[in-house]
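**Q** For the protein sequence lines, the chains are W and Z, in the order given. Numbered according to this note's numbering, the first sequence spans residues 4 to 118. Numbered according to this note's numbering, the second sequence spans residues 499 to 612.
No lab work stands behind these hints: they were computed from the structure. Keep in mind the model is a prediction, meaning the values are calculated, not measured. All residues carry an ideal CB built from backbone N, CA and C; glycine is no exception. It is possible that part of the hints are untrue.
[Stated by the list, open to error] With a cut-off of at most 30 Å between alpha-carbon atoms, the simulated BS3-like pairs for lysine-lysine come out as follows:
{"id": "1", "chain 1": "Z", "residue 1": "Lys540", "chain 2": "W", "residue 2": "Lys52"}
{"id": "2", "chain 1": "Z", "residue 1": "Lys540", "chain 2": "Z", "residue 2": "Lys555"}
{"id": "3", "chain 1": "Z", "residue 1": "Lys555", "chain 2": "W", "residue 2": "Lys52"}
[As the list claims (entries may be wrong)] Pairwise CB distance ranges (calculated):
{"id": "4", "chain 1": "Z", "residue 1": "Asn572", "chain 2": "W", "residue 2": "Gln45", "range": "17 to 27 Å"}
{"id": "5", "chain 1": "Z", "residue 1": "Asn550", "chain 2": "W", "residue 2": "Gln74", "range": "40 to 50 Å"}
{"id": "6", "chain 1": "W", "residue 1": "Gln48", "chain 2": "Z", "residue 2": "Ile536", "range": "12 to 22 Å"}
{"id": "7", "chain 1": "Z", "residue 1": "Lys576", "chain 2": "W", "residue 2": "Pro118", "range": "42 to 52 Å"}
{"id": "8", "chain 1": "Z", "residue 1": "Pro568", "chain 2": "W", "residue 2": "His117", "range": "21 to 31 Å"}
{"id": "9", "chain 1": "W", "residue 1": "Gly65", "chain 2": "Z", "residue 2": "Glu499", "range": "14 to 24 Å"}
{"id": "10", "chain 1": "W", "residue 1": "Glu23", "chain 2": "Z", "residue 2": "Ser556", "range": "23 to 33 Å"}
{"id": "11", "chain 1": "Z", "residue 1": "Ile518", "chain 2": "W", "residue 2": "Gln48", "range": "41 to 51 Å"}
[As the list claims (entries may be wrong)] Computed, partial: chain Z to chain W, Cβ under 10 Å:
{"id": "12", "residue": "Ser507"}
{"id": "13", "residue": "Val510"}
{"id": "14", "residue": "Thr511"}
{"id": "15", "residue": "Gln512"}
{"id": "16", "residue": "Ser556"}
{"id": "17", "residue": "Ile558"}
{"id": "18", "residue": "Phe563"}
{"id": "19", "residue": "Glu600"}
{"id": "20", "residue": "Gln601"}
{"id": "21", "residue": "Phe602"}
{"id": "22", "residue": "Gly606"}
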Amino acid sequence: AQSVTQPDIHITVSEGASLELRCNYSYGATPYLFWYVQSPGQGLQLLLKYFSGDTLVQGIKGFEAEFKRSQSSFNLRKPSVHWSDAAEYFCAVGSISGGYNKLIFGAGTRLAVHP
Amino acid sequence: EPEVTQTPSHQVTQMGQEVILRCVPISNHLYFYWYRQILGQKVEFLVSFYNNEISEKSEIFDDQFSVERPDGSNFTLKIRSTKLEDSAMYFCASSAVGPGNEQFFGPGTRLTVL
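Construct all of the structure, not just a fragment, from the sequences and the given hints.
**A** Structural data, given as structure tokens:
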């Protein structure tokens, strides 16, 4: 069965520091992978997605993620974190059925940013 | 920029009562979804809807749940007889056709069952 694991429940970084959020997935075929961010009181916003091709994908707000098939990972990175990046981050795998994805989410990583 | 909207933002109800959660998907999208997130847990898929019928539903989506697109703009989730364990944040999402297309999420409705 498809699943997503985000090993870190909470991460705290200082503003300006680099960030890496971990995501491991289990999926039988080539996965469709997503990172979403949720700010308090907001819906889920897509940061970036991977379908095929270049394994390093660029997203919004300066985020990037690298797909590593051998490690079943899709880690999210940002070279310099801003205070406004404090939010909850969800990794998801798309279980393809017909013309759409059913998203299977990880438990999320809550990011706190110290000034 | 087009967005998915949901009403109400917070719904409080008594156990056993019926609730209807409303969503207005992005106008040119054809796939619609409901997800839920129980406090402190992961976001879970409930149901997908296309061409006026359910495409797929999870085991959570039992006979107490139903979805409907009553007109050209709204997409609703009905819980017929709410239970305490239905308390959660419910997210609506929509997407264009095609597995690579992004699902756009609404801000959610927080349902509290007393």
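**Q** Each hint: holds or not?
**A** Evaluation of the provided hints:
1. Z/Lys540 to W/Lys52: Holds - the C-alpha atoms of W/Lys52 and Z/Lys540 are around 19 Å apart, at most 30 Å.
2. Z/Lys540 to Z/Lys555: Distance of about 17 Å is within 30 Å: holds.
3. Z/Lys555 to W/Lys52: Roughly 24 Å separates the two Cα atoms, so the pair holds.
4. Z/Asn572 to W/Gln45: 17 to 27 Å: Cβ of Z/Asn572 to Cβ of W/Gln45: about 22 Å, so the range 17 to 27 Å holds.
5. Z/Asn550 to W/Gln74: 40 to 50 Å: holds (42 Å)
6. W/Gln48 to Z/Ile536: 12 to 22 Å: The hint (12 to 22 Å, Cβ to Cβ) holds, given that W/Gln48 and Z/Ile536 are roughly 21 Å apart.
7. Z/Lys576 to W/Pro118: 42 to 52 Å: holds (46 Å)
8. Z/Pro568 to W/His117: 21 to 31 Å: Violated, since Z/Pro568 and W/His117 (Cβ atoms, about 48 Å apart) do not stay within the stated range.
9. W/Gly65 to Z/Glu499: 14 to 24 Å: holds (20 Å)
10. W/Glu23 to Z/Ser556: 23 to 33 Å: Holds, since W/Glu23 and Z/Ser556 (Cβ atoms, about 31 Å apart) stay within the stated range.
11. Z/Ile518 to W/Gln48: 41 to 51 Å: violated (26 Å)
12. Ser507: holds (9 Å)
13. Val510: Since chain W brings no Cβ nearer than about 17 Å to Z/Val510, farther than 10 Å, the hint is violated.
14. Thr511: Nearest chain W Cβ about 21 Å off; hint violated.
15. Gln512: violated (25 Å)
16. Ser556: holds (8 Å)
17. Ile558: With a closest approach of 13 Å, the Z/Ile558 hint is violated.
18. Phe563: Violated. Min distance 16 Å.
19. Glu600: Holds: closest Cβ of chain W sits about 5 Å from Z/Glu600, inside 10 Å.
20. Gln601: Status holds, d = 6 Å.
21. Phe602: holds (8 Å)
22. Gly606: holds (6 Å)
Of the numbered hints listed earlier, those contradicted by the structure are 8, 11, 13, 14, 15, 17, 18.
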